[in-house]
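Taken in sequence, the protein lines are chains Y and S. Under this note's numbering, the first residue of the first sequence carries the number 2, and numbering increases by one thereafter. Under this note's numbering, the first residue of the second sequence carries the number 10, and numbering increases by one thereafter.
Keep in mind that a hint or two might mislead.
[Said to hold, decoys possible] Quick list of simulated restraints, FRET-style, between CB atoms:
{"id": "1", "chain 1": "Y", "residue 1": "VAL145", "chain 2": "S", "residue 2": "LYS178", "range": "50 to 56 Å"}
{"id": "2", "chain 1": "Y", "residue 1": "ARG105", "chain 2": "S", "residue 2": "GLY74", "range": "23 to 29 Å"}
{"id": "3", "chain 1": "Y", "residue 1": "ARG105", "chain 2": "S", "residue 2": "LEU248", "range": "25 to 31 Å"}
{"id": "4", "chain 1": "S", "residue 1": "ASP55", "chain 2": "Y", "residue 2": "ALA184", "range": "55 to 61 Å"}
[Said to hold, decoys possible] Computed list of lysine-lysine pairs in BS3-like fashion (alpha-carbon distance at most 30 Å, straight line):
{"id": "5", "chain 1": "Y", "residue 1": "LYS217", "chain 2": "S", "residue 2": "LYS147"}
{"id": "6", "chain 1": "Y", "residue 1": "LYS217", "chain 2": "S", "residue 2": "LYS178"}
{"id": "7", "chain 1": "S", "residue 1": "LYS210", "chain 2": "S", "residue 2": "LYS20"}
[Claimed, not checked] If you only want the chain S side, here are some residues facing chain Y, beta carbon under 10 Å, derived:
{"id": "8", "residue": "PRO115"}
{"id": "9", "residue": "SER117"}
{"id": "10", "residue": "HIS138"}
{"id": "11", "residue": "HIS140"}
{"id": "12", "residue": "ARG143"}
{"id": "13", "residue": "ALA162"}
{"id": "14", "residue": "ASN179"}
{"id": "15", "residue": "GLU183"}
{"id": "16", "residue": "ASN198"}
These are calculated hints, taken from the structure and not from any lab test. Each residue gets a CB set at the ideal place from its N, CA and C atoms; glycine is no exception.
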Amino acid sequence: MSALARRGSEYRRLVDLSETLLAGFEQAGYERIDPPMLHDAAHVGLGGQTLLDLTYLMGNGLALRSDFTVPVYLLHAERGRDAGTPRYCYSGPVFRRSGPGNDRPTEYLQLGIEYFGSLRREAADVRIFANILSALHRSGLTGVPVMTGDVGLFHAALDTLDISERIRTRLRGLFWRPEQLRAQIERMQSPVPLPADLTGPDIEAQLRDRHVIQGKRTPAEVAEMLSARATDTLSAEAANTLLAYLDIACPIGEVPERVRAVLGTRLDDVLTRFEDRLRELRHRLGPETATLPFRADFGRRHEYYDGFVFEMTHADQIVAAGGRYDRLAQKVSDADWPAIGGMIRPQILLSALDEVAP
Amino acid sequence: MSALKLGLPSKGRLQQDAIDWFAKADVTVARTGSDREYAGRVTGLDGIELVLLSASEIPRELAAGRIHLGVTGEDLIQEKLADWAAITPKVTHMGFGFADLIIAVPTSWADVTTLRDLDDAAAQFHANHGHRLRIATKYHNLVRGFLSQHGVADFEIVDSQGATEGTIKNQTAEAIADITSSGATLTANHLRILTDGEILKSQATLFAARNAHWSQANRETFATLRERLGLSPDLGPDL
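Pulled out of the complex, with its shape left as it was, chain S reads as follows (with noise of 0.2 Å):
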């Protein structure tokens, strides 16, 4: 019988707290090895395998049903699954990792504080450099997204995998979107959020995998596993 397979960010802040987190439930994640062997197992609950996996790529194996169940932000599964609520249906949210995606702007552009003055800016910025105003981010898709709803146009963005504040001082960037969670960083890099330049709010959350193979004997550990979370343990349409 195979185990529900659970996968969990292999490092870091966001591990420590989601292994506390299913504490809470007596649900028991214990490292294995040495502190950088990614192997653990989980106690208190019979019929859970561990799976450690980078948070950026939780999505893919979620998506891929190689994992029933994993632990990431909805950033990273919005940004990566077109059709993500249809493929992984969140079972909750976990109340830390809280990180909200924003476009900011330097704080000298005093004539651009909302979304509609940002594409004023843009059409000015294309006619006079002869390119399109850059956006650094790393979340391609959602931005791209929130802009043309909200009609911004006359930008292109530009991968930023990290350090994405910088871009601006060395211009390869004009704007970017980014993480935020208390704003110092970009406080510190004479950035400015615009008022309307919130795409997303987002938190660590447990999403369930639909194209796994879920066989009874996961559903029941999974309905347990709600109970002691208290959740419905009734899995719902989805799996």
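Just chain Y, with the same shape it has in the complex (with noise of 0.2 Å):
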């Protein structure tokens, strides 16, 4: 199938698929909204460089969405706090920029659903995960390849070794980027010696003796970064510890033996909700869920997301996906809405649907 069908009896299949998965994700209580195509500029960065790089900036302060999750929050924020039943669901285009070596149409479908509120969050992780899933089975395709991640383990793996917090937060900001984060954990344990012209305590006042200061990143900041390369190091013993964690790629249920054997007993109180979303999982969806994959380096690039995320693929094209994203509503609009949303690519969808059954 070609990727927007927009006439004919692939435009009629295309609807009939949408209207579909729409109408279970109301019957399973979700409300139906029409996020705006067009929102502030100001929350693309909040995905990350990769949504950034992606999106189409209007150049009047608006942007057309790339994804939905910003815009729905938005939605939800305006409504307040008495808003009834955090839930909704949605369906429409989403606009990406293309460029050279990337041939994904500019403009594709997208169909989800996102839960905002507090209340058992191990829960509404696998509720989501289970509505997206099943919605994938209802429409015929079964056996879908799935991978899940936890960026807030990744977080907390962090929090338990001994580094400075410029490390920590040089660190955790790498996270979306597994080549630079290796890299980085590499470099970081020599120290940077400081440039030969540059020795002695003030090296501030060296910059500005010596330089023509224009800008807004000051002096302060560059003799900042010099003095912490030449004196802050990662240790060899944290740098291990971190890597070993981030090899960690194996079935779900495993997840807190291998992280136990890597952090020792440092992150239990994170492992315990980790075990209680596994109960979750086996309670909803049947005690298989236990070998579903799980890489610990795995994150999807959309930087808001904070908690547990998962994929579904079909032939390497991504079908459905999800995750957590609780400090989101934080930095919008300093409110307290930790949330999860899952989405469908019905295009996708359809195409794969073909292949199985053709």
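Starting from two chains that each stand alone, build the complex the way the hints lay out.
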């Protein structure tokens, strides 16, 4: 099937599939909403560099939506705290800039669900995951490969390490770029000597003496970076622990055991919640869920995610995906609205269905 | 019979260099009317019609196939046409109009000499200032693609169509990506090129338009021109 079915029988099937999926979500208690296609460009960066690079900025302070997470949150926030059932479903096009080496369509459909609420987070994780998975099943796509991860577990693992806040913050921010993360872990283990012409106690003063100072980045920031690199290093022990954590790739049921093998009992609180999620999975979707693949370095490259993440693929194409983004609300409007969402790409789903049952 | 349309820059050094370059192939381009009139004609080879265009519009005209051949910089072609190699095959480099697209930072950034350093500085800047490190450029696509390919994040592109070196002083950007030939303007503005910050080495180039209508006569004219330029008369599989 072509990427966009806009007329004829393919379009009809796409409409029918989308309506069936939405009706299923509505029956499950999700309120159908219609988020705007244009939103405040100030929020685009929340998805991180990858999403920012893909987003069309309209040049008037508005951005054309490149996914639904932020627009749905904004619509939810508009209704205020007494918004009633904070569960939504939606469907519509998203727009993504293509570039050299990127032949993805610049416009395609996403259909998804979002849940805002702090009650029983692990149960909510599983509910969203199960709703997406069963929507795929009901449409006829079964046995779809799944990948799972947990960005919160990475943050917690970092928090157990005996490292400076500077290094912790830097490594946390690099999670989305696995290659750079590993390179930085390597690099941070050795001190970087100060440039030969900048020695002595007051680097900032020397910078001011020798250079014309311009722009918003201050000599104090430059000096801070130089001295931090010269003195603040990552111990080999912390580096190896972190690399061992990132290398974990196993069935999700074995994660607590594997993480304990790397980090001892330091993460027990977090792992107890992970085990709650495993129990919910078993309860809701059966014992075979313990074999779902998990990768410690898997995070879907959308930087608002900070907890459980998942992705379903068909022939290397993402057919559905989602994750928890508890801190997004805080960043956008200083509200405390833990949230998780998931989405399906109906066009990919339709072509997958054509392949499995021609 | 419609002539082969050759697009040349409508003014400046690039135009004069292009005219001199074609003269070596006994294709004489003469401006007609006053200096300010955008018209001219070609002698020495029949069947060529001159179209004078702003250098920055030549990529678009080539892509649309409204001209058959066009002279412009590789920087403009690659910035403006995502799939340029398929749309406007390169005929030949012309040996002038050299310009490098580079990334430069203030000389006072003693901690930033490479792209990896820039990535570190960008993360620090974003955390300290509440917005991403801004890179001023008119080459949005080339810069974004280059930085993404080299694993730099925490930046945003801000548009600058001229006097880009001044944006840092004016605090509308923290770093720049711009064309340089000698580097003198950068030095004068207290800026330094990153050691691995060269995005593209560009020069004036003759491009062909795959989407143009190539009549038999146009093809023959082009084959003759190619021969005179010392190129194989074979137009290749692209046209």
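Checked hints:
1. VAL145/Y - LYS178/S: 50 to 56 Å: holds (55 Å)
2. ARG105/Y - GLY74/S: 23 to 29 Å: holds (26 Å)
3. ARG105/Y - LEU248/S: 25 to 31 Å: holds (29 Å)
4. ASP55/S - ALA184/Y: 55 to 61 Å: Given about 60 Å between the Cβ atoms, the range holds.
5. LYS217/Y - LYS147/S: The hint holds at about 21 Å.
6. LYS217/Y - LYS178/S: holds (9 Å)
7. LYS210/S - LYS20/S: Since the Cα atoms of LYS210/S and LYS20/S sit roughly 23 Å apart, the hinted pair holds (cutoff 30 Å).
8. PRO115: holds (6 Å)
9. SER117: holds (4 Å)
10. HIS138: holds (6 Å)
11. HIS140: With a minimum Cβ separation of about 8 Å from chain Y (threshold 10 Å), the hint on HIS140/S holds.
12. ARG143: This interface hint holds because 9 Å falls under the 10 Å limit.
13. ALA162: For ALA162/S, the interface hint holds, since the closest Cβ of chain Y sits about 4 Å away, which is under 10 Å.
14. ASN179: With a minimum Cβ separation of about 9 Å from chain Y (threshold 10 Å), the hint on ASN179/S holds.
15. GLU183: holds (5 Å)
16. ASN198: Result: holds, 8 Å to nearest chain Y Cβ.
Every hint from the earlier list agrees with this structure, and none is contradicted.
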